[in-house]
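Novice: Listed below are the residues making up each chain.
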Amino acid sequence: MSADLVRPYGDTTGDGMVQTSFTLPLPHDKRAEGAALQLAAKMGMSPALLVHAKPMGPDFTFFVVYGSVTHLVDLREVHVVEREYPLLSSADVNQAIRSHLQRKLVVVGACIGTDAHTVGIDAILNIKGFAGEKGLEYYREMTVVNLGAQVLVPDLVEAAREVQADAVLVSQVVTQRDAHIHNTTTMSAAFREAFPTGQVPLLVAGGPRFEEGSAATLGVDRVFGRGTTPGEVASYLVHELVTSRTRPDPRGAQR
Amino acid sequence: MSPRSHALLDLDPAVVRRARSLARKAGKPVVDLATAHTTVSVERATLRLAGLTGADHDGTPWVNHLVDAVRAEVGLEHGVTTPVWDALRRDAAPDLLTLAQKASSGGVTFRLPDGKDATAARKAARKDVAAGVRTLDRQHAARDRFVRKVGDAPRTPWIYLIVATGDIHEDIPQARAAAHAGADVIAVIRSTGQSLLDFVPEGATREGYAGTYATQENFRLMRAALDETSRELGRYVRLTNYASGLCMPEIAVLAGLERLDMMLNDSMYGILFRDINPIRTFVDQRFSRQVHARAGIIINTGEDNYLTTADAVEAAHTVTVSQLLNEYFAKEAGLEDWQLGLGHAFEIDPEVPQSFRLELAHALLARQLFPKAPLKWMPPTKHMTGDVFRGYLLDGFFNLVGAMTGQGILLVGMMTEAVVTPWISDRDLALQNVRYVMDAAGGLTEDFHPPRDGFVQTRAREVLDEAVGLLEGIVSDTSAKGSTYPQPLLAAIADGTFGAMKRPPTAGKGLDGVAVKADDYDNPAITLLEEGSTR
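The listed protein sequences correspond, in order, to chains G and H. Just so we're aligned, residue 1 is where the first sequence starts under this note's numbering, counting upward by one. Just so we're aligned, residue 1001 is where the second sequence starts under this note's numbering, counting upward by one.
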């Protein structure tokens, strides 16, 4: 086998062994077990060994299947989109801000438009956090201002100016007729109008409906989609505003 | 607990007494502060007890409209009931609902009556609010009857399982399946973000985020479904929701009216983790706990959350301190020992040497300090990595601590914690884990006596001493002396003592919904709850 082709490893090179478990919405009987084996075969497991089947209530059956997959993985065809910034621990984020910025990093967050769902912005900002990671409030070297829901764009601009925000995080969760796009472009336009060029805070939009790579059309610096964790956002902010700054500090060099 | 319990850790009774008296000393000024204030949510909750329900076409509840209208004209400081029932007496509207509807469009003028008018308005308000309080009593009695008739959970710890689909009609079959699979308590997780809504949504809801909205109709639907399941199973299946966030008092009332059985209700969680104003929280807390006390609801406190932000070994004593404060605030509000589901959690980093013994020491300390409370034992979340196989083992050890230390309520840990919301198979595997440990080791409380001055006893005493030290620091905090809020506990919260969060009393969400009570403040709900009267 060429070095570019690999198969899963159980206990022998090339054995292709995988293990999987799943539930079928079927009562446990011979037919359900046959159905599980059919699914395993369609997943490329051949031969498949049904090692465990257990009824869960009258309508469901849980299966564990072992087997060899017929698929080969061709490493030449593996393409990954690399994150453009390194993922840092909260200690590293604090350390980077302390040593490079020598002041607190100021972040303003809000849900704009009519969206009352602060779930996204709260997941990123509140100490409670998301997916086992604490929100940005938890970072000692960040000052976080969470304006909450239904914030008007002029108020957001004003708040960002008042606290001299380094970054503005805007969340859009529930949206109809592309309201999230409209709200975000309105927001970015307002910031670019209100701040001199080069001094606009870093604009970040987040929400499940934003498309990867739509930052430019929205007029923001970055979009984050579903499942983004606070640590990712914090790492990005450090990458953009602290360690790899290619632009002057938007808040002026003297700070 | 048996009499042996006190000897298990050889805790010095004088230190235990000292810890309790310090908690009282820290808590009392905050209770005084709470009784001197009211909030929009307390007033709305009172109107809900009087039977005002429903919302306008935009979903804004009528209780919000009515409280806002009264507040705009005569302020919140007298309580809304006097001006509201005065308006009804003046025939501004035939009933409460119509009054709220008219008030929402500015069609009612409210005034603060005096003399005989005030007395008559208060009497009328008390009569209507008392009907709601009697419903709480009826539901309390109905639960007791139901438990007697179908039987209770067969053993402790009660097995506590979560459903969280976002859609109440999806939650119901999942909850019933979970009960059939062995759950004694079903918790319906709320939609993220509900804690910061300053209104309670209406009706049956089908779209939530990582949870389902707490609404009166959702409560009713789920309780009715579990009543049916309880009859099928021959054991009463309890229902849990969350009385937390900006609408804590209202949700407590809805829970009482719809016979929910347990409510998450922590004295400081909203302050620390949701940045809700401390005064707002303590006022709302006291009212909601009075309602829970009356309705026979078991509260669950949120100490487990501290350990998700702070280190579970270093911060172990902050859990004890919070438990002591929660106990003080709960008893002050009329809750009894059997209603105190004080929280604690299995959150020590498994890489720490002797982590299991440390967990045992901490869990046993809570058990010994609160021997009559049905402690709520929370599973690991912080060190669940996505390695579901290792997570399953960790949950097994968590269950074992629960079995060895006689916990009252055991929240079932999911191996897919931090990976996905639990699948049907995750729940089934998790319940097998619990059942195996309880069947195999449920009697270990009988055999497990940590040796005198051994690792477990020493560690437990160390945590208790640190807790006493922290409480001493809190009550002697004079940093806010002379300010508007001199209460040492508020100063400690502002300093970041708990959960590493700094929350000053002058900031946070919901502060604008707080008012200092005037001398003529009247709230028949509080009167009825404090007197224990029914009319």
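There's no promise every hint is true.
[To be verified] Once the Cα atoms are required to be at most 30 Å apart in a straight line, the calculated BS3-like pairs of lysine-lysine come out as:
hint : chain 1 : residue 1 : chain 2 : residue 2
1    : H       : K1517     : H       : K1028
2    : H       : K1116     : H       : K1127
3    : G       : K104      : H       : K1502
4    : G       : K104      : H       : K1123
5    : H       : K1517     : H       : K1481
6    : H       : K1517     : H       : K1123
Note that these hints are calculated values from the structure, not bench results. Computed from a predicted structure; not experimentally measured.
Novice: Against this structure, judge whether each hint is valid.
Specialist: Tested hints:
1. H:K1517 x H:K1028: Holds, at roughly 18 Å.
2. H:K1116 x H:K1127: 17 Å, holds
3. G:K104 x H:K1502: Judged against 30 Å, a Cα distance of about 16 Å means the pair holds.
4. G:K104 x H:K1123: 57 Å, violated
5. H:K1517 x H:K1481: Given pair K1517 of chain H, K1481 of chain H holds - Cα atoms ~22 Å apart, limit 30 Å.
6. H:K1517 x H:K1123: 19 Å, holds
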